[in-house]
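Read off the chains here:
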Amino acid sequence: MAVPLVYLAWTIASDPAAAWEAIWRPRTAELAIRSFLLAISVSVSASVLAVSLAWLTTRTDLPGRRLWTALTVLPFVVPSYIGAYLFVSALGPGGVLLQTEWIYGFGGAWLVLTLFTYPLVLLPVRAAMRRLDPSLEEAARGMGRSPLQVFTGVMLPQLTPAIGAGALLAALYALSDFGAVSILRFDSFTRVIYQSYRASFDRSGAAALAGLLVIVSLLLATAEGRVRDRRSAARKAPGSPRPPQRVALGRWKAPALLFCGAVVTIALVIPVAMLLVWSARSIAGDPDWARTAKAAGGSLLTAGLAAVAALVVALPISMVAARRRGRSSRITEVVASSGYVLPGIVVALSLVFVGTRLAPWAYQTLGIVIFALVVHFLPVALGPIRTSLLQIPESVEEAGRSAGRGPVAVWRTVTAPLAWGGTLAGGALIFLTAIKELPTIILLAPTGFETLSTRIWQTSNASAFEPAAIPALVLLLISAPPLFMLIGREPK
Amino acid sequence: MKRLTRSLALSAAAALSFGLAACGDDDESSPASGTTGSEAAELTVYSGRDEELVAPLFERFETETGTKLSVRYGDTAELAATIREEGENSPADVFFGQDAGALGALDKDGLLAKLPAAALDPVAQEFRSANDTWVGTSGRARVLAYDSRELKEADLPASVLDLTGPEWKGKIGWAPTNASFQAFVTALRKVEGDDVAEQWLKDMDANGAKAYEKNGLVRDAIANGEIQAGLINHYYVLDAASSEGDDYPVKLHFFPGGDTGALVNVAGGGVLKSSEQQEAAASLLTFLLADEQQKFFVDETFEYPLAGDTAAPAGIPAIDSIEQPDVDLADLDDLAGTLELIEKSGVL
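Going down the list, the protein sequences come from chains W and V.
For the first sequence, numbering that gives the first Met the number 0 puts the final residue at 491, and the numbers step up evenly by one.
For the second sequence, numbering that gives the first Met the number 0 puts the final residue at 347, and the numbers step up evenly by one.
No lab work stands behind these hints: they were computed from the structure.
Computed from a predicted model, the values in this text were never measured in an experiment.
Every residue, glycine too, gets a C-beta built ideally from N, C-alpha and C.
A few of these clues could be false.
From the structure, some residues in chain W lie toward chain V, with a derived Cβ separation under 8 Å [claimed, not checked]:
1) Arg202
2) Gln363
3) Thr446
Counterexamples of contact, computed for chain W against chain V with all Cβ distances above 10 Å [unchecked claim]:
4) Ala247
5) Lys252
6) Gly447
Generate the whole structure from the sequences, applying the supplied hints.
What follows is the structure in structure tokens.
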């Protein structure tokens, strides 16, 4: 997990003067603050959006809840760089829907990143909300609390681990994103890191800036660890979760529907409609179907293997993190989260550097791609798995042990089945995140190996996005089933 | 839960078999290349130029020479950064990029080998490395693209430095993160000095120059009336004009009199010092300089030919009629300084 960190340290050490100089440029502090503000804004707005949607679709009598559930998580399959491009095409100057300037800069970056990262919060919060013990809420309501009081006083504290984990991911994503912010012309820290590589061939400077990004991620991850309610979120009463009573929305039904409709329209309908129009147009240009199909195979293969490999790594880490509160587990988690905050190019180059020196036999093979994807995206799986482990009362495991089972048997018969939902969620999230990844695949995959994301990159290069619409649409289509699998676990 | 487990297992299996089938029948995927010895007659190329553009050229090379090419496509600078991380262990034999800056950076690190005369002599000295380590294979001129519905040729400035005037306020677009733009700023620093270059950047910014991510987006912004003119490479406009027809509103203005705004930069290649197939690798570059390939660049990418007597694309002045600023392309590798300047001026 620490490969990128070792690489950064090595690169900085090889030319400390350049690194020092890059850090003390006046622009550096300014950009760091701008990016930090963007990350915080995105994680706050994504959390608010996600918690409201989760509550509406799990705890109220909102008409068409299952449909809204499906539609509100779907924006997750839209890669943020495609989302940003589509938004500029739809709402930017010369846009097909509106002609506005504000899409460029902080406003646009905030909007686009919020819309395509809120599912990172929505998925764990929904999962946690459904596992909450309704008896607590019922008790509170029985004592005459209003639905709002029940929500803030009873549910919210129990949801904090899930919200915190999701909000951290959204913040880290906003910090590491390059594609969307560069299209939306928001000068972020990541953009400068890319520039250092791309324009000035200044690897020590880039490494120093990436190091600063890691420090910011450490601060955020530590803060999340503090905020996270470490008290057990486990159900106290025995028995399986039962359906909660639903809040009648009454006259709020129409505004609630309008809210869900607006989110879905902006984050899903507009982008998909634009992709459909462009796809229809590019079909006339005789697209290379065979190649798209092969690239789809490449995407499924890399993302699938990355998900499996990440789970193998994530489960033990999460077990330790959920059950032991020591310093070592904190460090493990924090190191893992540093992989997610680094821009893809840094992760990829770190593996180029280490791979060619330590494992030339693995260099530019599928193996190193999977390794890179796990290093890069592991934190995405850690959150949901840890949350589901936290919701298992330790007393259940203790009961297993006192019945004479060994630790492995207890894990296999008690813990694993109970944590299965969160584990699946973690795996699906890795799959959905990895399938969108670009730089690690371009630099590390076997020569000639293609995925949908590399096809999108190659065909949209010339400045027109139209030829990339079909691979982009296929990417959305093959991402949808795992996503539906995630939410399909819910009782009717 | 069982149903779920089964469906997950099924979809995982489907994904695996689909994906494995996809790589299994991929006859282009490389065996561990470069390290297997020269008998294999396979070259590994890192290409910063788009596959769509150059794959036909590479195929032609394979047919004509029988040497197999294994090509990794990527961003020019990112591939250069990759080679720098790989160092001595790079599997690449040839680096083919779309600006002289990346080639210069590799050269400075001592990663490029000296090229044989056959790969150098066809190209004028101004379009290749001063120490014979890389060669330009096609040329791209910096231009002012403008909206011919709004502007007459007489309205256009004689120098790129004039774009800071009040008559251009809010009307100009540029792509400050683009490598070609930064190469131009580097040239401006060489010709006019850092102070003038910095002041120009500041004045342009203050004059409301609009930043775009790519040259193509600047061109499109002119076409849809968002801005009136923009600093880009010449072929973006020729490309769009060829598909949009004669009434395409965006036209080209070449700054006259050796103005830095009319800099001609190159796309080109070099051979890695670590390559064990120096001769075969250099022969790829020689191949790209032959008439047939030079004509391909003209026809397909609307770039300037740099070798032989292939004519320039129709509708633009010949390359030797564009008076060049007094600057050596090999000196345009100081992009670090340029980036610093761009940052300092507040444009980025």
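Tested hints:
Given the 8 Å rule on beta carbons, the hint for Arg202 (chain W) holds: about 7 Å separates it from the nearest Cβ of chain V. Look at Gln363 (chain W): its Cβ gets to within about 7 Å of chain V, closer than 8 Å, so that hint holds up. Look at Thr446 (chain W): its Cβ gets to within about 4 Å of chain V, closer than 8 Å, so that hint holds up. With a least beta-carbon separation of about 31 Å from chain V, Ala247 (chain W) lies farther than 10 Å from that chain, consistent with its non-interface assignment.
Under the 10 Å C-beta cut-off, the non-interface status given to Lys252 (chain W) relative to chain V holds; the minimum distance is some 32 Å. Non-interface call for Gly447 (chain W) relative to chain V: violated, since the shortest CB-CB distance, roughly 4 Å, does not exceed 10 Å.
Comparing the model with each numbered hint stated earlier shows that hint 6 is the single one that does not hold.
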